[in-house]
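Fit chain B to the given chain A structure using the hints.
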Amino acid sequence: MAITDIDQYAHLTDADVEALGAELDAIRRDIEESRGEADARYIRRAITVQRSLAAGGRVVLMFSNRKSAWVAGTAMLSLAKIIENMELGHNVMHGQWDWMNDPEIHSSSWEWDTTCPSVQWKHSHNFVHHKYTNVVGMDDDVGYGILRVTRDQPWEWWNVGNPIYNFTLGTFFEYGVALHHLETEKLRKKEKSYRQALKDLRIIGRKVGKQAAKDYLIFPALAGPNWKSTITANFTSNIVRNYWAYMVIFCGHFPDGAEKFTVEEYENEDQPRWYLRQMLGSANFRAGPLMRFMSGNLSHQIEHHLFPDLPSSRYEEIGVRVRELCDKYDLPYTTGSIVHQYFQSFRTITKLALPNALLKATTDDAPETASELRFAVREGVQDHFGVDPATGRRRGLRTALRELKKAPVRAAA
Amino acid sequence: MDLLKWSKRPAVGVDAKKPQVNIVRGLIARATTPLLPDDYLHLVNPLWSARELRGRVIDVVRETEDTATVTIRTGWGFPDSYKPGQYVGIGLQVAGRWHWRSYSLTSIGDEVDKTIAITVKANPDGFLSAHLVEGVSPGTIIRLAAPKGDFHLPEPLPDGLLFITAGSGITPVMSMLRALRARDQQPDIVHVHSAPTRDDVIFLEEMEKMDGDLLSYDLQLQLTREKGKFNIDQLDSEVPDWRDRSCWACGPVAMLDTVEERYAEEGLREQLHIERFAIARTDVGGEGGTVTFTKSDKSVEIDGATTILEAGEDLGIQMPFGCRMGICQTCVVPLAAGYVRDLRSGDEHREGERIQTCISSVSGECTIDL
Numbered sequence: 001m002a003i004t005d006i007d008q009y010a011h012l013t014d015a016d017v018e019a020l021g022a023e024l025d026a027i028r029r030d031i032e033e034s035r036g037e038a039d040a041r042y043i044r045r046a047i048t049v050q051r052s053l054a055a056g057g058r059v060v061l062m063f064s065n066r067k068s069a070w071v072a073g074t075a076m077l078s079l080a081k082i083i084e085n086m087e088l089g090h091n092v093m094h095g096q097w098d099w100m101n102d103p104e105i106h107s108s109s110w111e112w113d114t115t116c117p118s119v120q121w122k123h124s125h126n127f128v129h130h131k132y133t134n135v136v137g138m139d140d141d142v143g144y145g146i147l148r149v150t151r152d153q154p155w156e157w158w159n160v161g162n163p164i165y166n167f168t169l170g171t172f173f174e175y176g177v178a179l180h181h182l183e184t185e186k187l188r189k190k191e192k193s194y195r196q197a198l199k200d201l202r203i204i205g206r207k208v209g210k211q212a213a214k215d216y217l218i219f220p221a222l223a224g225p226n227w228k229s230t231i232t233a234n235f236t237s238n239i240v241r242n243y244w245a246y247m248v249i250f251c252g253h254f255p256d257g258a259e260k261f262t263v264e265e266y267e268n269e270d271q272p273r274w275y276l277r278q279m280l281g282s283a284n285f286r287a288g289p290l291m292r293f294m295s296g297n298l299s300h301q302i303e304h305h306l307f308p309d310l311p312s313s314r315y316e317e318i319g320v321r322v323r324e325l326c327d328k329y330d331l332p333y334t335t336g337s338i339v340h341q342y343f344q345s346f347r348t349i350t351k352l353a354l355p356n357a358l359l360k361a362t363t364d365d366a367p368e369t370a371s372e373l374r375f376a377v378r379e380g381v382q383d384h385f386g387v388d389p390a391t392g393r394r395r396g397l398r399t400a401l402r403e404l405k406k407a408p409v410r411a412a413a
Numbered sequence: 001m002d003l004l005k006w007s008k009r010p011a012v013g014v015d016a017k018k019p020q021v022n023i024v025r026g027l028i029a030r031a032t033t034p035l036l037p038d039d040y041l042h043l044v045n046p047l048w049s050a051r052e053l054r055g056r057v058i059d060v061v062r063e064t065e066d067t068a069t070v071t072i073r074t075g076w077g078f079p080d081s082y083k084p085g086q087y088v089g090i091g092l093q094v095a096g097r098w099h100w101r102s103y104s105l106t107s108i109g110d111e112v113d114k115t116i117a118i119t120v121k122a123n124p125d126g127f128l129s130a131h132l133v134e135g136v137s138p139g140t141i142i143r144l145a146a147p148k149g150d151f152h153l154p155e156p157l158p159d160g161l162l163f164i165t166a167g168s169g170i171t172p173v174m175s176m177l178r179a180l181r182a183r184d185q186q187p188d189i190v191h192v193h194s195a196p197t198r199d200d201v202i203f204l205e206e207m208e209k210m211d212g213d214l215l216s217y218d219l220q221l222q223l224t225r226e227k228g229k230f231n232i233d234q235l236d237s238e239v240p241d242w243r244d245r246s247c248w249a250c251g252p253v254a255m256l257d258t259v260e261e262r263y264a265e266e267g268l269r270e271q272l273h274i275e276r277f278a279i280a281r282t283d284v285g286g287e288g289g290t291v292t293f294t295k296s297d298k299s300v301e302i303d304g305a306t307t308i309l310e311a312g313e314d315l316g317i318q319m320p321f322g323c324r325m326g327i328c329q330t331c332v333v334p335l336a337a338g339y340v341r342d343l344r345s346g347d348e349h350r351e352g353e354r355i356q357t358c359i360s361s362v363s364g365e366c367t368i369d370l
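Line by line, the protein sequences are chains A and B. Quick note: the first sequence uses this note's numbering, first residue 1, plus one each step. Quick note: the second sequence uses this note's numbering, first residue 1, plus one each step.
Careful, some of the hints might be misleading.
Claimed, not checked - Computed beta-carbon distance windows for the label pairs:
hint: 1; chain 1: A; residue 1: F346; chain 2: B; residue 2: V24; range: 45 to 55 Å
hint: 2; chain 1: A; residue 1: Q8; chain 2: B; residue 2: K295; range: 47 to 57 Å
hint: 3; chain 1: A; residue 1: G161; chain 2: B; residue 2: D297; range: 53 to 63 Å
hint: 4; chain 1: B; residue 1: R344; chain 2: A; residue 2: M291; range: 23 to 33 Å
hint: 5; chain 1: A; residue 1: G161; chain 2: B; residue 2: K18; range: 51 to 61 Å
hint: 6; chain 1: B; residue 1: K295; chain 2: A; residue 2: S193; range: 26 to 36 Å
hint: 7; chain 1: B; residue 1: E226; chain 2: A; residue 2: E317; range: 53 to 63 Å
hint: 8; chain 1: B; residue 1: G304; chain 2: A; residue 2: K360; range: 48 to 58 Å
hint: 9; chain 1: A; residue 1: S193; chain 2: B; residue 2: P46; range: 45 to 55 Å
hint: 10; chain 1: B; residue 1: K18; chain 2: A; residue 2: G209; range: 25 to 35 Å
hint: 11; chain 1: B; residue 1: A336; chain 2: A; residue 2: L198; range: 33 to 43 Å
hint: 12; chain 1: A; residue 1: V320; chain 2: B; residue 2: I141; range: 31 to 41 Å
Everything labelled a hint here was simulated from the structure, so no lab data went into it. C-beta atoms are modelled at their ideal positions from N, C-alpha and C, and glycine is treated no differently.
Just chain A, with the same shape it has in the complex:
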């Protein structure tokens, strides 16, 4: 079973957790107080760059019969779609720029350039996913109702298709995101009526219609004789955007070490423990300035989950402070190259096509999901927790996890 006692898992005392919470609150306050002209300039420039790329790409694609124009236009349009969805849409709708009091860059008015209607996204993503992050059974992003991403999800026969669903989801990611709000899991469990789902579907349909008409009807029509190459270019840029968004999101949530939690844990939670769940439940990937921008700064998924409504452009600087806290409390800071993070996610998804009986690890001690019990099933590790009397250094979760790797697997009596 996923984590139920987060204090015990994190090897922290009550006082430690409180102190950690206070330090994270202080980071929030510092950033909030220092928001200003430079931040406003950043988002305005990002918007200008994105819209110029979009407009430029559309113009170039008017001449898409030439191969070079097709390639250049498709590239520009792909970039524009990626930036709009990630650095602009996702972050603006999180309210990261609401402090500017600008009605045009505001969570309450932003409609993004993808098939998922903003208003549904703010519910399924901002509310359900960000409040109940990785609580199995409460956060629909734990597999999106179609993927099995943790051993805590009971295996069903149709899970054998896990790798195929994964590939399909990546390809048609924007439609997956749009349909997310239907909450298929709740439908299966009959917690949601089909009438409600139909209503949601109609709203989604309208938005899908507008988006599809733009890419597959209007711009091809405007391109006249080049309509065919315009359609293929638009289709390609949508797919490119889909794969990139999918990749970024999977790397933030499904690598090893992004922990899952039980409903019991959630029910006994206060603000500092909410922070702790966000820290332990998310994963980063290493990125330079360009890659950070292109991922909407979601290369800093940990920082994003701690402070979903602080400006994305500040995550890098917040990250430095979060890492310091991880060092201080000896907590893991899950990160790696994007290839490494994706490889782990892919491995989990492929593996979990199989029922638990065919898998080696347990629901308490697997690479992708663990509980506080993982320390009990191996002998000789528990003594090491707390402050080391000899060195005065804190020996917490990070050290314990390292030692677990070395410790022989032996079931506790």
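Positioned in the frame of chain A, the structure of chain B alone reads:
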């Protein structure tokens, strides 16, 4: 007909001056969806957007030591006409943040050159007014809200008018005076205006010139350093026929209160028109107060720990809600009037800003359109 509606639909929220423009806008928006063409055009020229009204500051001219007239070229969508005495919302970006305040228009509403003017007094505690007077340079792009307000002259004009103004309360009345002069209308006007010294009188020269030129305009300056504050009882001696005049009054809250009281006592309240600049705030440490929900027509007194979301729900109002912890932005609504305080940061938000009801409580009083 349906086709016409379909063409306009994406631009339905845009107040275009010419409705035909929204057909074009709506049709192009099929290609720019989910944005409007304006969203691209204003990157080329900030004034080319009717989605959000914009203006460019043309110049800033000092009127007195601490007041200045700001002339603004208006962008697409700004109404061509408004009534003298109305006010306009001005949004100015300071340290990355847009701040909104309302100012009376001192221009008269039939300009041909698409400009408007406001006259602003830099209040020592008025953060934005100081910026407008001291810090705004020609060329600055600002945001605008369409002119509104009931403080204007009726048609047809009453025969006798009385203006009671003080300090920057002169601004809406100046707009009326200028409009009357421009249209060559000459009703009988008595104008009692208070200011500490002659140097503090905004538009002094212009008013004195009118006083000399026009038989029908009588300016009575009340220089308060010499004569003391305006007292409502003065009217009986200085404007004996005040009861026969329609009165427009604008100035500090205390002055307006005594004027209003007197008119009410005499049963003349209907003859009095008042413009209050300062919103009355029950200053009990900014904690708690009255929340009014206009659409539901309900209001309630809450303490500073109760959120506006809870207050609304307790009244049975369908409030938008989500995470209830300030992270999901589902409950964001515009603040129609008054002040709220963000319980997480302690920041105060005011009219024209959007607030998260789940983490905000009232500070004095506030109004929400729900």
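* Asked: Of the hints stated earlier, which fail here?
  -> none
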